[in-house]
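Engineer: Sequence:
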Amino acid sequence: DKIEKYDIRPANPRLKTANFSGGNQQKIVLAREMEQDPGVLIVGQPTRGVDVGAIEFIHKRLIAMRDQGKAVLVVSVELDEIRSLSDR
Numbered sequence: 849d850k851i852e853k854y855d856i857r858p859a860n861p862r863l864k865t866a867n868f869s870g871g872n873q874q875k876i877v878l879a880r881e882m883e884q885d886p887g888v889l890i891v892g893q894p895t896r897g898v899d900v901g902a903i904e905f906i907h908k909r910l911i912a913m914r915d916q917g918k919a920v921l922v923v924s925v926e927l928d929e930i931r932s933l934s935d936r
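So that you can map any letter, position 30 of the sequence shown is 878 in the working numbering, and since no number is skipped, the others follow by simple counting.
Any given hint could be a false lead.
Claimed, not checked - What follows is a list of derived Cβ distance ranges for each label pair:
1) S934 with D885: 17 to 25 Å
2) V925 with T865: 34 to 42 Å
3) K864 with S932: 31 to 39 Å
4) D915 with Q884: 14 to 22 Å
5) Q916 with A859: 30 to 38 Å
6) N860 with L927: 18 to 26 Å
Said to hold, decoys possible - For lysine to any residue, the following SDA-like pairs were computed, each having C-alpha atoms within a straight-line distance of at most 25 Å:
7) K853 with E883
8) K864 with I911
9) K908 with F868
These aren't lab readings, by the way, just hints derived from the structure by calculation. The C-beta atom is built at its ideal place from N, Cα and C for all residues, glycine as well.
Please build the complete structure, drawing on both the sequences and the hints.
Structural biologist: Pasting the structure below:
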């Protein structure tokens, strides 16, 4: 199930996604894009406004995609985030 695969933890899964927390909304967007198995993924501010646990999860997913040979372009104002995710 996609909710478990992408660690989406809404207080009430029956609510519309617009009512989910910012972190869960970010993970939903990431899940939607990653499920299409793109060769190139461009993300802007992927961890803005999310909790520490969600940041770690999002970083791991982006790194896993990169390690599969996919191109991942991250646009962020967080220099530490860019450094931790970059391999070039």
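Engineer: Taking the beta carbons of V925 and T865, is their distance inside 34 to 42 Å?
Structural biologist: This hint is violated: roughly 25 Å between Cβ atoms.
Engineer: Given the hint of 18 to 26 Å, is the C-beta distance from N860 to L927 inside that range or not?
Structural biologist: With Cβ atoms ~37 Å apart, the hint is violated.
Engineer: Does K853 pair with E883 here, judged by a C-alpha cut-off of 25 Å?
Structural biologist: holds, 11 Å
Engineer: When you take the CB atoms of Q916 and A859, is the distance between them in 30 to 38 Å?
Structural biologist: holds, 32 Å
Engineer: With 17 to 25 Å as the target window, see if S934 and D885 comply at their CB atoms.
Structural biologist: At 22 Å between Cβs, range holds.
Engineer: Would the pair K908 and F868 pass a check requiring their Cα atoms to be no farther apart than 25 Å?
Structural biologist: holds, 21 Å
Engineer: Check the hint pairing K864 with I911 against an upper bound of 25 Å on the C-alpha distance.
Structural biologist: violated, 29 Å
Engineer: Please check whether D915 and Q884 have a Cβ separation lying inside 14 to 22 Å.
Structural biologist: Holds, since D915 and Q884 (Cβ atoms, about 18 Å apart) stay within the stated range.
Engineer: If I claimed the Cβ atoms of K864 and S932 lie 31 to 39 Å apart, would that claim hold in this structure?
Structural biologist: holds, 33 Å
This entry does not satisfy hints 2, 6, 8, going by the numbered hints stated previously.
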